[in-house]
Amino acid sequence: MTDPGTAFLAATVRTATPLALAALGEVVAERAGVINISIEGVILAGALGATVAARTWGIAGGFAAAILGGVALALVFALFVLWLHADQIITGTAVILFAFGLTGTLYRALFGATGAALSIPTIGPRRIPVLSSIPEIGPAFFDQPVPTYAVYLLTPLLWWWMYRTHSGLALRAVGEAPAAAQAAGVRVRRLRLYAILFGGITGGVAGGTLVLAQVGTFAEGMSAGRGFIAIAIVVLGRWNPAGVAVAALVFGAASALQYLLQALGLALPYQLFLALPYLLTLAALAGVAGRVHAPAALARTDEF
Amino acid sequence: MVDTQRRSYWFAVALIAVLVLAAGALLAATGVDPLRAGQALVSGSLGSWYAIGSGTLVRATPLILTGLSVAVSFRAGVFNIGADGQFLVGAAAATWVALLCRTSASWLVIPAVIAASAIAGAAWAGIAAVLRTRFHVLEVISTLMLNFVASYLISYLVRGPLQEPTHVYPQTSSIADTARLPRFGPTTRLHLGFALAIAACLLVWWTVRFTAAGFRLRLVGANPDAARSAAQIDVDRVTTNAFLLSGAIAGIAGALEVSGVTFALYENISPGYGYTAIAVALLARLDAGAVIATGILFGTLETGASAMQRDAGAPSVIVSIIEAGIILALVAVDRVRFAATLNGASEHRVAAE
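Protein sequences, first through last, are from chains A and B.
For reference, each letter of the first sequence is one residue, going 1 to 304 in this note's numbering.
For reference, each letter of the second sequence is one residue, going 1 to 353 in this note's numbering.
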C-alpha cells in the first residue's frame, strides 16, 4: 500500500520528533549560556512519568506527568548549576546517573523486573485534511501523532520569539555576555532558570512521546542517547530553532535509513545501521563544529 | 577559608545522608525492608573474606582502572567520558588476541593481550582526540557517541566474526588457560589484575607528581593559556597524549576483565564501569593514588548492591542514585570546573583543586 519512499519519510519524521522536541528545549538553554547534557535523563524521567500516569489518567495525564518528571529533573540540574555554581557538564553527568537510578528503581518497584505485560494507551496518527493529501510528502509529514505537530508549531514560534522579541534578545544577550546583560537590567539567573525549565518541559514531552506515541512501554535506559544526539543537533542547527528542526530531520533520516536499506535486502550487519546516527553525529560535528559560533558564555560557571 | 571548607564538607555529608535516607524511603515505599537491604549490602560486600576478595576487590579492579583513566584526562582538562567505550574495545581486542594465541603456551600471551587492549583503547580515544584538536569537536559529545558505537561494535563481533563456533550464544569462545590471569590462591577469584591496577595507579601518581611530563599535564589542566604563553607548552600535544593514555588505561581495564573474570567477550561485559569511573575519579579529587581507595569504595557499593538485589529483592540500580549524589556533593563543594566552550576545544579550562 505505502511505497518505500513514503514509509522512509514517515519513519524519518517519527524518529525526528522526540529528537526535535529535546533539541528545541536545549537550544533555548544553550542560548542562555547553559549546556544541559542531562537532557538524556530528562527524557528518561518524562518517559517513566508518562508510563506511570497514562495507565490511570490516560494520554493527557501521561503527557502531564511527562512534563512534570522532566521539569523536576531540570530543577535539580538548575539548583546545582545556578545556585551552587557547579560545573555544568559534571552536574549534567551526575543528573543523568541520578535519573537512570531513580527511573530504574521506580520502574522495577512498580512493575517488577520484567514488566512484560504493561499495557499503556498510545496515541495513533492524526491525519490533517488537505495537507496530508499532498503527494509523496503529505502522508509522511501530516499523518503523524500530535507531538509531531507540536514541533511544527514550536519551531517557528521559538524562532520568532528568539529573534523578534525583547525577551528573546535578552535570552541571547545572557548567553553571549551575561555581565553586560546583568548591567542592562536583565535578571540573568532567573532567565537561565526559565530556559532550563523550558528544556525540562520539551525533554519531558520527548520522553512522553517515546512511550505514548511510539514504543508503548517503558524500558530502562530507553532514551538510548537521544539526549546526547539532541545536543549534537543543536550544534548542527547552529543554535537556531529552524536549523535545529532541519538537523533533527537529518538524524531521523539517518535512523530511518536502516529500515529502507534492510527492506532493500542489503547484506550489511544491522549493528552498522544502529550505530549510524552516532557515526553521523561525529562526522557532522567534525564538519561544522570549528566553523560555527557557540554562545560565548556557554558552560561558563558565572556568579550570577 | 577554613570555615567555608568545613561548611562545604558538612554540606556534602548532609547531601549524601539525605540521598541514602531517600533511597531507604524509596525501598520502604516499594515494600523492601531498608534495614534488611542495608544489611545485605554490607554483608554481601564486606561480610566475609570471600566477599571482600572474590566480590568487592574483583569488582573494584575495573573501577580503579577506569577511574584512573578518567582522572588522568580530567587532570589535563580533557573531559573524556568515553571510558566505557574504550573499555569495550580494549576487551574486544584482548579477546581477539587471546583467541588468536589459543595454541601458543607462552608467557608472552598475557602481555600481548594487555598490549592489544591498550592500543585499541588508545586508538578509540584517539578518534575523539583528533576530533578535538583538529575539528574543535567537544569531547564530551564525541566520546559519548563513541560509547554507543563501541557497544554496537561488540554486538556485531559477538554475533559475527568472533562468535563461538556453534553460533548459538552471542558471545565468543572461552579464551585458553594461557591467556588467563593467575589468581591469588585456589579458593579466591581475586586475580593478578587487581595488583596490576594498583601498580598502574602508583606509576601514574608518581609520573604526574614527579616528572616533567606530569608537570606539563597539571599545568595544561590548570591553565592552558598560561601553559601556552608563559611556559611555551604545546597544549594540544599534552592534551592529546593525556587523552591517549586515558584511553589506553581504560582499554587495559577491559583486558583484565576478560583475562581475569569473564574469559569471554559478550555484549554487556561492562555494567557502566566508565560512568561510575567519573564518580571514582572525582571522589579521589583526580589524584591517581586516591583512586585506589575510591575504586575499592565503589566496588564495595556495587558488590553490595548486587547482594542487596539477590538477598533482599532491592533493585541494584538504586546505587546509581547514591553515586550521583556523591558527584553532585563534590561538584557543589569542590568547584571542579570544566568551562569548556564549543567555540574551540583548545580553550578548555579546568581548575581542579
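Everything labelled a hint here was simulated from the structure, so no lab data went into it.
Treat the hints loosely; a few may be bogus.
Partial chain A-side listing against chain B, Cβ under 10 Å, derived [as the list claims (entries may be wrong)]:
id: 1; residue: Ile90
id: 2; residue: Gly101
id: 3; residue: Leu157
id: 4; residue: Trp159
id: 5; residue: Val250
id: 6; residue: Ala275
id: 7; residue: Ala299
To spell it out: a stretch of chain A is covered by chain B in this simulated footprint if at least three of its residues, at any positions, have a beta carbon under 8 Å from a beta carbon of chain B; those stretches are [as the list claims (entries may be wrong)]:
id: 8; region: 72 to 86
id: 9; region: 104 to 112
id: 10; region: 260 to 273
id: 11; region: 278 to 285
For every residue, glycine included, the Cβ atom is placed at its ideal position computed from N, Cα and C.
So, going through the hints one by one against the coordinates:
Because the smallest distance between the Cβ of Ile90(A) and any Cβ of chain B comes to about 5 Å, under 10 Å, the interface hint for this residue holds. The interface hint given for Gly101(A) holds, since its Cβ lies 3 Å from the closest Cβ of chain B, which is under the 10 Å cut-off. At about 25 Å, the closest approach between the beta carbon of Leu157(A) and any beta carbon in chain B exceeds 10 Å, and the interface hint on this residue is violated. Violation of the interface hint for Trp159(A) is found here, the shortest Cβ-Cβ separation to chain B being roughly 21 Å, above the 10 Å cut-off.
Here the hint on Val250(A) is broken, as its CB sits about 15 Å from the closest CB of chain B, past 10 Å. For the restraint placing Ala275(A) at the interface with chain B, the shortest Cβ-Cβ distance is roughly 4 Å, inside the 10 Å limit, so the hint holds. For Ala299(A), the interface hint holds, the least distance from its beta-carbon to any beta-carbon of chain B being 5 Å, beneath 10 Å. Restraint check on the region 72 to 86 of chain A versus chain B: 4 residues with Cβ-Cβ distances below 8 Å, three needed, restraint holds.
Residue count for the region 104 to 112 of chain A with a Cβ under 8 Å from a Cβ of chain B: 6. That meets the three needed, and the coverage hint holds. Requiring three or more residues with a Cβ within less than 8 Å of a Cβ of chain B, the coverage given for the region 260 to 273 of chain A holds, as 3 such residues are present. Here's how the region 278 to 285 of chain A fares: 5 of its residues keep a CB closer than 8 Å to some CB of chain B, so the rule of at least three is met and the hint holds.
When the structure is compared with the earlier hints, violations turn up for hints 3, 4, 5 and for no others.
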